[in-house]
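The listed protein sequences derive, respectively, from chains A and B.
Heads up, the first sequence is in full-length UniProt numbering, so the first residue is 1 and it goes up one at a time.
Heads up, the second sequence is in full-length UniProt numbering, so the first residue is 1 and it goes up one at a time.
A couple of the hints might just be wrong.
One copy or two, either will do: identical chains are not told apart, so a pair holds if it fits within one copy or between any two.
[As the list claims (entries may be wrong)] No more than 30 angstroms apart at the CA atoms, straight line, and that leaves these computed lysine-lysine pairs for DSS-like: (1) K61 - K51; (2) K182 - K103; (3) K61 - K33; (4) K103 - K61.
Everything labelled a hint here was simulated from the structure, so no lab data went into it.
Number of protein chains: 2
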Amino acid sequence: MGEQANAGEMAEETPSQRVRDILDTGARLFAEKGYDATSMRDISNAAGVSKALLYHHFSSKDDIYARIAFSATQHLNAFVNARIPADGTAAEKLRAFMVSAAKFFSEHRSAWIAASNAFWSDPDQRLANLRIARRRQFENSLRDIIREGVASGEFNDIDPASAGRLILSGINWMHRWYDPDKELSAEEIADQYADILLSGIAKKQK
Amino acid sequence: MGEQANAGEMAEETPSQRVRDILDTGARLFAEKGYDATSMRDISNAAGVSKALLYHHFSSKDDIYARIAFSATQHLNAFVNARIPADGTAAEKLRAFMVSAAKFFSEHRSAWIAASNAFWSDPDQRLANLRIARRRQFENSLRDIIREGVASGEFNDIDPASAGRLILSGINWMHRWYDPDKELSAEEIADQYADILLSGIAKKQK
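Sequences are here, hints too, so could you generate the full structure?
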């Protein structure tokens, strides 16, 4: 590495506690009120910092938004990979992937909603590219599990890309309807989805 | 019915061709540029109408947005129900539901993206409520098909609500990644999803 850190390294800098507090507050407000209805003043008030200090750390509301969207995926891959049993069956790995991804997203619910909404108009292209690269890595881990199951004959001969998209759709769409105050946890919902996806809806032919 | 039409009737008024053109233009711009980056001037320019005329039909950008989000679901239920074979098996009905929903969404792709993005901050509560009622009706049709398959023993004993959510997640999330210029059509993708969901990922035990 030369004098200039690459974008990946720069982005992995650990933010200060104050910056993290501001990002958490911003994520909560964006998720509750929507991006448009949230002002820099709202964020400074809710975070208990002056507008001057807020602008010291962030150039604009777009900047805060991009950082939240980025941070939402920062630890996703490490979190999920650590929970996949290395010597499990492909079905066990697939279920662990789904349940841990749901757990991660529900634990970062505000950032998850904000990031999902930033999808079409992420204002910071550099952070957006890093975020997209991580999501691709995440999706590839899932395809690898499916490929492994197909190769060993444990799974039906399905297309890993198509099955992977269907599985991630279930996880990704949860932010639209999942209510943490309701009966089932995000992990339990993902576990139910895994049952349905693995066994199928149609009864097996005798 | 009294003198006052109810909200449902009012909303079903047929818009003029000019209004529909403006809504189509707005949907395309919102989908391409994002809601924030699209101005009333952009819409009037792209639609080839004066700003005065635009404001004659719509009070604000929010108003246009709400109408697009609303129109995206207006004919969904009729479209899908007309394509479900009344005397088919539950599996055939389920597949027809998925394929026709994907077809509907891909044919209204701009409005579909705009409506999906309006989810958290729909500015018009009356239209939003109608839209939500329609989506609920749509989801209930799907649950009925699943319930029918479970009752007849054609399907495994799955929870219709949970399976319905998983199926709709696959359809709904398509707006994020589906590219009409790529090889597979939206209907073909939904058909692949139906294969995976009906047969399951794990190979049947011999």
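Going through the hints against the structure:
Both within a single protomer and between protomers do K61 and K51 lie at most 30 angstroms apart by alpha-carbon distance, with minima of 12 angstroms and 29 angstroms respectively. With identical chains, the CA atoms of K182 and K103 are at most 30 angstroms apart within one copy only, with a shortest distance of 15 angstroms there and 33 angstroms across copies. Taking the shortest Cα distances, K61 and K33 sit within 30 angstroms of each other both inside one copy (14 angstroms) and across copies (18 angstroms). For a Cα distance limit of 30 angstroms, the shortest separation of K103 from K61 inside one copy, 28 angstroms, qualifies, whereas the shortest one across copies, 37 angstroms, does not.
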